[in-house]
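Trainee: Next come the chains, spelled out residue by residue.
Protein chains: 2
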Amino acid sequence: MKIVCEKENLMKAINSVIKGVASKTTMPILECILIQTNDDNIKLTTYDLEIGIEYITKCNVIQQGSTVVNAIMFCEIIKKLPDTEINITLNDKNLLVIECEGSLYKLATMNPNEFPELPKINIENSIDLEQKTLKEMIRKTIFAVSIEENRPIFTGCLFEINENKLNVVAVDGFRLGWKKNFLDKSVNSFSAVIPGKTLNEVNKIISDTFDNIKIGVSKNQALFEMENCKIVTRLLDGEFLNYNNVIPDTWETRIKVNKKELQECFERISLISSSAIEKEKKYPVKLNIDIGKLTISCTNQTGDAKEEIFVETEGKNLEAGFNPRYFLDALKVIDDEEIYIDFGSSISPSVIRPIDGDDYKYMILPIRIKE
Amino acid sequence: MKIVCEKENLMKAINSVIKGVASKTTMPILECILIQTNDDNIKLTTYDLEIGIEYITKCNVIQQGSTVVNAIMFCEIIKKLPDTEINITLNDKNLLVIECEGSLYKLATMNPNEFPELPKINIENSIDLEQKTLKEMIRKTIFAVSIEENRPIFTGCLFEINENKLNVVAVDGFRLGWKKNFLDKSVNSFSAVIPGKTLNEVNKIISDTFDNIKIGVSKNQALFEMENCKIVTRLLDGEFLNYNNVIPDTWETRIKVNKKELQECFERISLISSSAIEKEKKYPVKLNIDIGKLTISCTNQTGDAKEEIFVETEGKNLEAGFNPRYFLDALKVIDDEEIYIDFGSSISPSVIRPIDGDDYKYMILPIRIKE
Chain A
0 MKIVCEKENL MKAINSVIKG VASKTTMPIL ECILIQTNDD NIKLTTYDLE
50 IGIEYITKCN VIQQGSTVVN AIMFCEIIKK LPDTEINITL NDKNLLVIEC
100 EGSLYKLATM NPNEFPELPK INIENSIDLE QKTLKEMIRK TIFAVSIEEN
150 RPIFTGCLFE INENKLNVVA VDGFRLGWKK NFLDKSVNSF SAVIPGKTLN
200 EVNKIISDTF DNIKIGVSKN QALFEMENCK IVTRLLDGEF LNYNNVIPDT
250 WETRIKVNKK ELQECFERIS LISSSAIEKE KKYPVKLNID IGKLTISCTN
300 QTGDAKEEIF VETEGKNLEA GFNPRYFLDA LKVIDDEEIY IDFGSSISPS
350 VIRPIDGDDY KYMILPIRIK E
Chain B
0 MKIVCEKENL MKAINSVIKG VASKTTMPIL ECILIQTNDD NIKLTTYDLE
50 IGIEYITKCN VIQQGSTVVN AIMFCEIIKK LPDTEINITL NDKNLLVIEC
100 EGSLYKLATM NPNEFPELPK INIENSIDLE QKTLKEMIRK TIFAVSIEEN
150 RPIFTGCLFE INENKLNVVA VDGFRLGWKK NFLDKSVNSF SAVIPGKTLN
200 EVNKIISDTF DNIKIGVSKN QALFEMENCK IVTRLLDGEF LNYNNVIPDT
250 WETRIKVNKK ELQECFERIS LISSSAIEKE KKYPVKLNID IGKLTISCTN
300 QTGDAKEEIF VETEGKNLEA GFNPRYFLDA LKVIDDEEIY IDFGSSISPS
350 VIRPIDGDDY KYMILPIRIK E
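These protein sequence lines map, in sequence, to chains A and B. Using numbering that gives the first Met the number 0, read the first sequence as starting at 0 and increasing by one per residue. Using numbering that gives the first Met the number 0, read the second sequence as starting at 0 and increasing by one per residue.
FYI, nobody ran anything at the bench for these hints, they're computed from the structure. Careful: at least some of the hints might be erroneous.
Note that the list lumps identical chains together, so a pair holds whenever it fits in one copy or between two copies.
Below are the DSBU-like pairs computed for lysine-lysine, each with C-alpha atoms no more than 35 Å apart in a straight line [to be verified]:
hint, residue 1, residue 2
1, K1, K259
2, K105, K259
3, K218, K1
4, K78, K134
5, K196, K131
6, K79, K218
7, K79, K315
8, K131, K79
9, K203, K259
10, K1, K292
11, K184, K315
12, K331, K292
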C-alpha cells in the first residue's frame with residue numbers, strides 16, 4: 000500500500016471515524032483504524048462491535064493495499080504534521096511509514112484480515128433528513144435517556160415514523176422527552192430504538208448544516224448514511240413505552256413563564272438542593288403556584304433558598320415537589336422565549352409545552368414532599 | 000452585619016480570594032471565606048494555612064459586622080444572581096441572608112473568631128514589579144520546579160535580588176530554568192524561596208497589566224501586595240542550589256535553530272517516545288548533530304520516529320540522549336524566534352540560550368542511551 004494524502008482531508012476522515020474506536024477493550028484490533036485503498040480514494044473503518052464507522056476520502060493511490068494501525072497514535076501523528084502532503088506506505092516489514100518533510104514515522108500494524116467485519120444491513124425502511132434537523136432532535140431528547148442498564152430498552156431513543164412525522168422519544172422512569180418533526184415526503188410507518196451512546200457519537204459526527212442524512216433500519220441494525228460517511232449500529236430489542244398514553248392532555252393548573260428566567264431560578268436553587276454536603280440524598284424543591292406567582296423553595300442543612308417569579312397563571316393554586324435537575328435539563332434545550340407548564344394534582348406529572356403548536360413535550364414526575 | 004454590594008465588585012473579590020480556600024481539609028472553616036466590614040468597604044479573607052489571601056472591595060455598609068461562610072456555596076450563588084445590587088445580611092439566627100430581586104438564600108455561617116489569623120509579616124526587604132513582569136517570570140520558570148517532596152527546597156522558585164537584578168530559578172534535578180529581569184530602582188540584595196504552589200495561585204490572581212505589585216519578605220514569610228489584594232505565604236527553608244556554578248559557560252557544539260520548528264519536532268517525536276504502551280518507562284530521544292542538520296530519533300515497541308531539521312551548527316558533531324519533555328517544557332515558554340542550544344560532550348548538560356543577551360537559560364541533563 001502506498002498513498003499520498005492532503006493532511007486536511009486525512010484529518011477530517013480520521014476525526015469522523017475515531018468515535019468508533021473502542022476505548023476499553025481486551026482486543027487491541029478494536030483500538031485500530033482499518034485503512035483500505037480503492038482506486039482513487041481510501042476508506043477508513045473503525046468498529047467497537049456496537050458502532051461501526053466508515054469514511055471515504057479522495058487521495059492519490061500509488062499502490063493498492065490495506066492495513067490496520069492504532070487509531071490514537073495514527074491520529075496524533077497526522078494531527079501534528081505540517082499542513083501539506085503526507086506519504087503513507089506499508090513497507091516490507093509491515094510497518095506503516097509516514098513521511099512528511101523532515102519527519103519519518105514507522106508504526107506497527109496488524110493484519111487487515113483480522114479486523115472484524117461491519118454487519119451487513121438489509122435496509123427495510125428509511126427516511127431522509129437534514130443533518131441539522133437530526134442534530135436538534137437528538138439534542139432535545141437524549142438527556143432523558145435512562146442510564147440504568149436494568150431496563151436496556153430505555154437506554155435508547157425511540158425513532159417512530161408515523162403519518163409522515165418523525166417522533167423521537169426518550170424516557171428514564173422519572174421524566175420523558177418528546178420531539179416531533181414533519182417529514183418532507185411520504186414514507187412507510189416504522190419504529191426503532193437506537194442506543195443513546197450511538198446517538199451521542201452520531202451527533203458529534205453530523206454537521207449543523209442542511210446536508211442530507213439517510214437513516215435506514217433493518218430488523219436489528221440501523222444505518223446513518225452521509226455523503227462520505229456511514230455509521231452502523233445495533234438496535235435495542237424490546238417494547239418501548241406507549242408514550243402517547245402516559246402524557247396527560249388536561250391540566251388543573253397552567254403557568255405561562257419566561258423560559259430563561261425560570262431556568263436561572265432553577266440553576267440557583269439547585270446549588271442548595273444538590274449541595275455538596277447533601278449530595279448523597281435527593282432533596283426535591285417545592286413549587287408553589289398562586290395567582291400570578293410561582294415560588295420555588297427548598298431547605299436543607301446547607302441553608303434555605305426561595306425563588307419568586309412572576310408568571311401568568313390559569314386554574315387552581317398548587318403545591319408540589321420536583322427534582323429541579325429534570326426541569327433544568329428540559330429548559331436548557333428549549334429555544335422558545337415563553338413556555339407553558341401544566342400540572343394536575345400534586346402527585347400528577349407536570350408537562351412543559353410550547354405556547355404554539357405541539358413540537359415538543361417534556362413530562363416530569365413529581366416527588367412527594369416530606370412535611 | 001448588613002451590606003449592599005454590586006454583584007460585579009463582589010464577584011471580583013470572591014474570585015481573587017477563592018484560590019486561598021483549602022480543598023482537602025478536616026477543618027471546615029478553612030473551606031470558608033471570612034467577611035469583615037470596615038466603614039465603606041468589606042474585606043474577604045481565605046487562608047489554607049499555607050497561602051492567605053485578603054481582598055478589599057467598596058460596598059455600602061449599613062451595619063458593621065463579620066461572618067464566615069462556605070466559600071464554594073457563597074461563590075456559586077453570587078455568580079448565578081442577576082447583574083445588580085445584592086443585599087447581604089447576617090440575621091439573628093446567624094444565617095447569612097442573600098437577597099436579590101426574587102431570590103432569597105440563607106446560608107449557615109461559622110464564628111468569625113474561630114477563623115485562623117493570617118501571619119503578621121515584618122517586611123525586611125522588598126521589590127516593586129509590574130504584574131505582567133512577575134507573571135512572565137513565573138511562567139518561564141515554574142515548570143522546572145520539583146514535584147518530589149523529598150527535597151522540599153526544590154519545590155519552590157528561588158527569588159534572588161542581586162545588583163538590582165531579579166533572578167528567578169527553578170530546578171528539579173534533571174533540568175533548570177533561569178530568568179533574569181533588571182529592576183527599576185536600587186534595592187538591597189536578598190533571596191527567598193517561594194513555594195511553587197503559591198506562585199501558581201499568585202499567577203492566577205495577578206493581571207497581565209503594568210499595574211504594580213510589591214513583593215516583601217520577612218525571615219519566614221513573603222507578602223505579595225496589590226492595590227486591593229494581599230497574598231501571604233510561608234517561605235521554604237534550606238539551601239538552594241548555587242545555580243551560577245552549575246550552568247556551563249562553554250560549549251563544544253552549538254546550534255542556532257528556529258524555536259517553533261524544533262518545538263513541533265519534539266511534540267511529534269514525544270508521541271512515540273512517551274507512547275501509551277511504553278508509558279511506564281522513560282525512553283530518551285537521540286539527538287544527532289552533523290554539519291547543518293539536527294536529527295532527533297527514537298525507537299521502541301510502538302514504532303520508529305525520525306525528525307530532521309536544518310540548523311546552523313558550530314563546533315563538533317554530537318550524539319546524545321535527552322528526555323524530550325524537558326526540551327518541550329522550555330521551548331513552550333520561549334517567545335524568541337531563534338535560539339542557541341549549546342552542548343558539551345554526550346554526558347554534559349545542554350543549555351538553551353537567547354541569541355542576544357542572557358535573559359534566560361534552560362539547562363537540561365542528558366540521559367545515557369542504550370546502544
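Trainee: The structure should be examined with respect to each hint, and the outcome stated for every one.
Mentor: Verification of the supplied hints:
Taking the closest pair of Cα atoms, K1 and K259 come within 35 Å of each other only across two copies (30 Å); inside a single copy the shortest separation is 56 Å, beyond that limit. Within a single copy, K105 and K259 get their C-alpha atoms only as close as 54 Å, which misses the 35 Å cut-off; across copies the closest is 23 Å, which meets it. In this homomeric assembly, K218 and K1 never come within 35 Å of each other (Cα to Cα): the closest approach is 39 Å inside a single copy and 68 Å across copies. Taking CA atoms no more than 35 Å apart as the test, K78 paired with K134 passes in both settings, with 26 Å inside one copy and 31 Å between copies.
Proximity of K196 and K131 under a CA criterion of 35 Å is satisfied intra-copy only: 19 Å inside one chain copy versus 46 Å between copies. In this assembly of identical chains, K79 and K218 lie within 35 Å of each other by CA distance neither inside one copy nor across copies; the values are 42 Å within and 48 Å between. For a Cα distance limit of 35 Å, the shortest separation of K79 from K315 across copies, 31 Å, qualifies, whereas the shortest one inside one copy, 63 Å, does not. Taking CA atoms no more than 35 Å apart as the test, K131 paired with K79 passes in both settings, with 30 Å inside one copy and 31 Å between copies.
Proximity of K203 to K259 under the C-alpha cut-off of 35 Å is found in both arrangements, the shortest distances being 26 Å within a copy and 32 Å between copies. Proximity of K1 to K292 under the C-alpha cut-off of 35 Å is restricted to the inter-copy arrangement: shortest distance 28 Å between copies versus 71 Å within a copy. Taking CA atoms no more than 35 Å apart as the test, K184 paired with K315 passes in neither setting, with 43 Å inside one copy and 76 Å between copies. Only within a single protomer do K331 and K292 lie at most 35 Å apart by alpha-carbon distance; the minimum there is 22 Å, versus 56 Å between protomers.
Checked against the numbered hints listed earlier, the structure breaks hints 3, 6 and 11; every other hint is satisfied.
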